[in-house]
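Student: Below, each chain spelled out in residue letters.
2 protein chains.
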Amino acid sequence: MSLLVVGSIAYDSVKTPFGKKDEVLGGSALYCGLAASFFVPVNLVSVVGEDFSKRYLNFLRKRNIDTEGLQIKKGKTFRWKAEYSHNLNNRRTLATHLNVLRDFKPELPKNYKDSKYIFLANLDPYMQQMVLDKLSNPKLVACDTMSLWIETKRDSLMKLLKRVEIFIINESEARELTAEPNLIKAGHKICNLGPKMVILKKGENGALLLSKSFKFLSVAYPLEAVYDPTGSGDVFAGGFMGYLAKQNKLTKSCFKKALIYGTILASFNVESFSIERLKRLNRKDIDKRYKELRRLTHF
Amino acid sequence: MSLLVVGSIAYDSVKTPFGKKDEVLGGSALYCGLAASFFVPVNLVSVVGEDFSKRYLNFLRKRNIDTEGLQIKKGKTFRWKAEYSHNLNNRRTLATHLNVLRDFKPELPKNYKDSKYIFLANLDPYMQQMVLDKLSNPKLVACDTMSLWIETKRDSLMKLLKRVEIFIINESEARELTAEPNLIKAGHKICNLGPKMVILKKGENGALLLSKSFKFLSVAYPLEAVYDPTGSGDVFAGGFMGYLAKQNKLTKSCFKKALIYGTILASFNVESFSIERLKRLNRKDIDKRYKELRRLTHF
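As given, the protein sequences belong to chains A and B, one line each in that order. Residue numbering for the first sequence follows our numbering, starting at 1 and increasing by one per position. Residue numbering for the second sequence follows our numbering, starting at 1001 and increasing by one per position.
Incorrect hints may have been included.
[Stated by the list, open to error] Here are the simulated DSS-like cross-link-like pairs (lysine-lysine), alpha carbons at most 30 Å apart as the crow flies:
| no. | chain 1 | residue 1 | chain 2 | residue 2 |
| --- | --- | --- | --- | --- |
| 1 | B | Lys1252 | A | Lys291 |
| 2 | B | Lys1185 | B | Lys1134 |
| 3 | B | Lys1134 | B | Lys1113 |
| 4 | A | Lys202 | B | Lys1215 |
| 5 | B | Lys1189 | A | Lys288 |
No lab work stands behind these hints: they were computed from the structure.
One chain only, chain A, in its complex shape (with noise of 0.2 Å):
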């Protein structure tokens, strides 16, 4: 099986206490996508403009990451400048320069269509739907979203929401959305929303997936070196997609190791900017950290 990722490709500019990177390769889809491609091959769908090296299209081409569906439009890419704190905990957004992504028709090379799994990255839930229009009969499909698009865009989300199996965000997008502080109940409410499954990302303290018919929680790799956590929510959803699709098998079990390896993943990624980690990884290193996030956790 391969993944489908739809989202944002981006050179972001980023301050965390422990340095600072300008016009670094970073955005939604190509963050899950590298992720996802340690586990099967990727269709990348986004855009970007006549300014984007021709070296990243080769790596993502190397990597087992097709770039068939990816757009390069007459104009600049978009950019994204941000700024840490000091525990890397909050994040000051400084400059969001759309360029070529502002109009952005998600497009969807033939064979693509018929693609199983999918995952929508952040983008405004108008454009999330129009891909899912394209499907022809989709198996599995997650989506992530971001604050701007719950108070801006709340409808279309909600009717995005109907069409989804499983909606991936952070714990406090899931309060925003509910209105309801505690966690679990935040999650069931989504679950009412539509998606059959929630997953709360919290950060350095884990996540937890929520569903009708069963919990599962996990911590978060403890680390003593964090350098940048940008793009880690999508590095989650890219391992945990990954290998849903790689499996393709939809059982508890199956769920339950998806989600260690999206924590796995995320792990990686927050140890270099940009995506310096997710080029050096390997499949070996990955595996060693899933068995010792075991011996770390199981009694």
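Knowing the structure of chain A, use the given hints to seat chain B on it.
Tutor: Frame of chain A; chain B shown alone:
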């Protein structure tokens, strides 16, 4: 084995978004002792005033909590008043009346002096050391503290830390004590101050056990209804130390299970005000939730 618990007993007045209770039973030693009593006999060293209800003394004795070391002094029992924020994550102390706790000098009845398992609940670190001076041959001493002592009795706390095996504290206190925002690094720094092991409590986000030779992590048991977090840290410590004293073995496996029992006991405590939930609790409930936590986290 029995567990020696030294700390405060209080009449608490607590307001949370879910209710308000005045002059209810509380205090670090009381919460901890009650939790530990599900595993082993507890010897309680604390102080109350003449206003302390005989009914409560009888209740403790019925629970296998020995009160020979509980001083009844002229004056009023320690009072504490606090209010919790909307999401229960922040708490404001509204009043602290030390009363008989102000001049508390912990005394150990003769048959407590050879105690093997000891928990020094939150108290002035000088008082905590007074207890250690009176012990003939302790096997495992754990202690707790609070921001107040980190800020006002740092030297005394540092001396105490050289004399205990396990330090059990909140993540925010660990960061304050070590001036280190990364929790794992903060934990290692604490181990360099004396304790062989540190347990970092993260409230609704679980707990982390750290020693030079191993790490173990627990999620918190997921709850839809949290009424009052008061005393949960002490209940956690009571479950942890009670289980260890019962096993009387200091293996990795025992420490892991003890951390889970601490987690489980704390999860019950927050379900009601004061000790209401612990009063209704039995060992079967505890073991059921223990097994459930395994199902919720093992993969």
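Student: What hint numbers does the structure not satisfy?
Tutor: Violated hint (a single one): 2; every other hint is consistent with the structure.
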